[in-house]
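Please model the complete structure; the sequences and the hints are all you need to start from.
Each protein sequence line maps, in turn, to chains A and B.
Using the numbering used here, the letters of the first sequence correspond one by one to residues 235 to 344.
Using the numbering used here, the letters of the second sequence correspond one by one to residues 338 to 453.
I should point out that these hints are in silico values taken from the structure, not numbers from a laboratory.
One or more hints might be untrue.
As the list claims (entries may be wrong) - If we take Cβ atoms under 7 Å as the criterion, some of the chain A residues that face chain B in the derived model are: (1) Gln275; (2) Gly276; (3) Leu277; (4) Leu279; (5) Tyr282; (6) Ile285; (7) Gly332; (8) Phe335; (9) Gly336; (10) Ser337; (11) Gly338.
Where is the CB? At the ideal position from N, CA and C, for every residue including glycine.
Each chain, written out:
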Amino acid sequence: DGGITQSPKYLFRKEGQNVTLSCEQNLNHDAMYWYRQDPGQGLRLIYYSQIVNDFQKGDIAEGYSVSREKKESFPLTVTSAQKNPTAFYLCASTRGNGYTFGSGTRLTVV
Amino acid sequence: DQQVKQNSPSLSVQEGRISILNCDYTNSMFDYFLWYKKYPAEGPTFLISISSIKDKNEDGRFTVFLNKSAKHLSLHIVPSQPGDSAVYFCAASRRAGGTSYGKLTFGQGTILTVHP
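Spelled out as structure tokens, the structure:
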């Protein structure tokens, strides 16, 4: 079955460390997105990519980085510059006929 | 700048009654609106959408209404069921080129609780 796979489901990071969240899709979707969910703030867009080797900053890109070397993959790196990284991270993709979301990664800074 | 707002953080409804979830937007360039349902620790799942050329779209128990002049949309669930208890997000986009979805802008979400 086609879908989006996010891994890991839970991730713990020490302060000062970079960490990379994986997002893989086998839907042949062109566009991929990273959102962050915080309580009471809904989903906020971090980065998005509409084609391979191209990506754009979203509303809260500071402290994050991405790459899009393959159509299927859109990993998100949470760097030590991100001051408040503890959140639920969601990856999504679309080919223009609806968004599909992954099941999310809960990142906790310890 | 919150371009999509859901001003009710929570809503409690009796089973069998109607649930009405509201959403307001400020960006007049938005032309496509969606509702998503989300359970804790899971990704959102698509419920229903509406284009700005319509004012109503219906799918089973779910109906979305769009009032462009008021920049307001609402989701009606009739009849409400306990399994509908979840967080509901409205989202808006501006289609790029008229054929594909642009990036989605989400509201803060409304927690719906349906009591048996």
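Okay, the hints, checked on the actual structure:
no.: 1; hint: Gln275; verdict: holds (6 Å)
no.: 2; hint: Gly276; verdict: holds (4 Å)
no.: 3; hint: Leu277; verdict: holds (4 Å)
no.: 4; hint: Leu279; verdict: holds (6 Å)
no.: 5; hint: Tyr282; verdict: holds (5 Å)
no.: 6; hint: Ile285; verdict: violated (12 Å)
no.: 7; hint: Gly332; verdict: holds (6 Å)
no.: 8; hint: Phe335; verdict: holds (3 Å)
no.: 9; hint: Gly336; verdict: holds (5 Å)
no.: 10; hint: Ser337; verdict: holds (5 Å)
no.: 11; hint: Gly338; verdict: holds (5 Å)
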